[in-house]
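Enquirer: Given next are the chains, with one letter for each unit.
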Amino acid sequence: MLISNLEFLPDQKVIRHIGLVQGSSVRSKHVGRDMMAGLKNIFGGELKGYTELLHDSRIEATERMVEQAKSIGANAVLNVRFSTSSIAAGAAEIFVYGTAVEVADHE
Amino acid sequence: MHYENRQPDEGLNVSNESPLKQFMVLGASVLVLALVLFLVFSFLGGWLARFIPFSSEVKVVEALSIDFDEMLESDVDDPVFIEREKALNDLASRVMNHMDIPEGMDITVHYVKKDVFNAFATLGGHVFFFQGLIDLMPSENALAMVMAHEIAHEVHRDPISGLGGGVTATVALSALVGGSGPVGKLLDFPTLIGTASFTRGMEKKADAAAISAVNSLYGHVAGADGLFSMLASNPDNSNIPDWAESFLRTHPLDQDRIEAIEKAARENDWLLEGDVTPLSDVFVD
Amino acid sequence: MSNLIVFCILLLLGLVIGKFAEKKHLKSIVKREHQLNALPAIASRYPPTGENVGPHQQLLVTGNVVIASDYFKTFLAGLINIFGGRVTPFESLLDRGRREALLRMKSSANAVNAEYIFNVKYQTATIQQKGNGAIEVLAYGTALIPTQQVKA
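Chains as they are written, first to last, in numbering that gives the first Met the number 0: chain W, 0 to 106; chain P, 0 to 284; chain X, 0 to 151.
Rather than coming from a laboratory, the hints here were simulated on the basis of the structure. There could be a bad hint or two in this list.
[Said to hold, decoys possible] No farther apart than 25 angstroms at their CA atoms in a straight line, the calculated lysine-lysine pairs in the PhoX-like style are these:
hint, chain 1, residue 1, chain 2, residue 2
1, X, 22, W, 47
2, X, 22, P, 20
3, X, 23, W, 47
4, W, 47, X, 30
5, X, 120, X, 30
6, P, 204, P, 262
7, X, 18, P, 20
8, W, 47, X, 26
9, X, 23, P, 20
10, P, 58, P, 85
11, X, 18, W, 47
12, W, 47, X, 120
13, W, 12, W, 69
[Stated by the list, open to error] Going by beta-carbon spacing under 8 angstroms, a handful of chain W positions derived as facing chain X:
hint, residue
14, 6
15, 10
16, 57
The beta-carbon is built from N, C-alpha and C at its ideal position, and this holds for glycine as well.
Could you build the full structure based on these sequences and the hints that come with them?
Expert: In structure tokens:
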């Protein structure tokens with residue numbers, strides 16, 4: 000599955016647009032990580048736990064989007080966008096969406 | 000087409016201001032602003048609180064059903080306690096005969112058998128006298144002066160005004176800045192409520208009313224300054240310079256109070272000399 | 000009173016350690032920016048096309064970082080909030096976040112021998128955490144990886 004945030008593929012031809020596909024993932028950290036983050040809020044610096052959490056979340060959301068794309072018979076998702084919204088203390092929703100397309104002579 | 004990333008100059012997206020300086024300036028401004036607002040609100044609240052009728056104030060205190068004797072751990076069955084409390088109330092009614100007491104205002108004097116140098120007036124016409132203060136009284140005239148001073152606070156509605164001012168200022172300030180916000184951390188609100196006491200103006204007014212009552216009661220003002228003279232000649236062991244103390248504390252300095260008594264006597268042609276009534280034996284162990 | 004002492008200690012810790020950490024981070028950012036300078040990250044949506052451009056494989060690359068503000072910065076920002084104006088303590092925080100995220104995206108593109116990254120987008124989100132400021136910056140774009148090093 001080809002995923003790109005470009006709107007077209009320079010070397011390949013898009014045969015048809017199949018629809019909007021999306022994936023989402025809401026996650027939060029366990030209390031221990033939150034406490035570490037609380038400490039970090041005194042000294043400043045990177046909250047590695049949250050960086051990883053959001054990174055994993057994004058992978059999961061992307062996988063879900065790819066599942067959607069596969070289920071409607073697409074072989075590429077173009078113009079992919081990410082969006083993040085924090086919905087509660089320490090929990091964030093990662094949302095990823097794009098256009099599912101069918102590309103000629105891919106792979 | 001050629002693509003490259005050139006490095007722009009460093010620090011174009013950040014300000015070069017010193018955060019520490021900014022912190023000092025802003026912190027000081029916030030403190031000054033809060034202080035001004037606090038004074039304004041406590042003045043406003045204190046002024047408004049005087050409009051609350053005394054009867055409502057009494058009702059509120061009754062509704063709280065505070066047992067003052069229990070709170071102060073007084074032994075109400077102790078004959079000495081009963082005798083002394085009665086003697087204080089008798090003195091209070093004698094003093095009150097020479098004061099302008101508003102219609103419907105009752106003063107209840109509570110005796111506290113504790114070695115604490117204190118006397119105070121609080122909501123609902125309740126006045127408290129501690130043994131530690133009575134012990135230092137050189138004469139009845141001096142005790143009557145303090146008694147009249149505390150009653151004058153009640154007459155002037157100072158307790159409710161002080162509380163009203165303190166509560167108004169605290170509520171208004173915490174509503175403005177939020178207790179948990181950055182300023183809320185700087186200003187400790189519960190502590191602020193505690194500082195809601197009588198202002199120096201209130202104390203001076205109470206002193207003026209008290210000296211007039213004492214003059215009217217005894218026919219002279221001799222001995223009225225007894226307590227203050229003693230305190231002035233025995234400066235307590237505080238290291239605070241006089242000017243700072245006179246600025247910080249709400250009660251006027253003892254020396255100033257003695258002078259105020261003398262000045263009032265001169266202005267009104269009151270007698271500075273006269274027979275001083277000794278303190279009743281009831282108060283002596 | 001003890002509250003005030005704790006508060007002052009936290010402020011001081013935030014100021015001293017926060018400043019030190021910030022300087023160190025910025026230094027490392029500048030160093031890595033030089034190392035990855037050869038890989039262009041471009042905000043344009045249109046990749047090069049034409050006869051002399053070889054075939055490319057595309058890959059979505061991302062880089063993210065969550066950075067917390069220190070106690071001093073958070074407090075100072077709160078003070079500035081009262082009077083309004085430029086919230087200077089957060090400027091450097093956001094600046095570091097954006098650059099770090101871009102660097103992480105670039106280095107993941109570099110790991111797969113990308114030639115360019117096109118359509119680079121940033122996204123910033125606040126991570127609510129008991130009233131204290133932490134931000135997440137995500138940088139993403141499409142890495143163009145030459146399929147074969149076909150040289151004419």
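Enquirer: Would you list, in rising numerical order, the hints stated earlier that this structure does not obey?
Expert: Nothing - there is no hint that the structure violates, so all of them hold.
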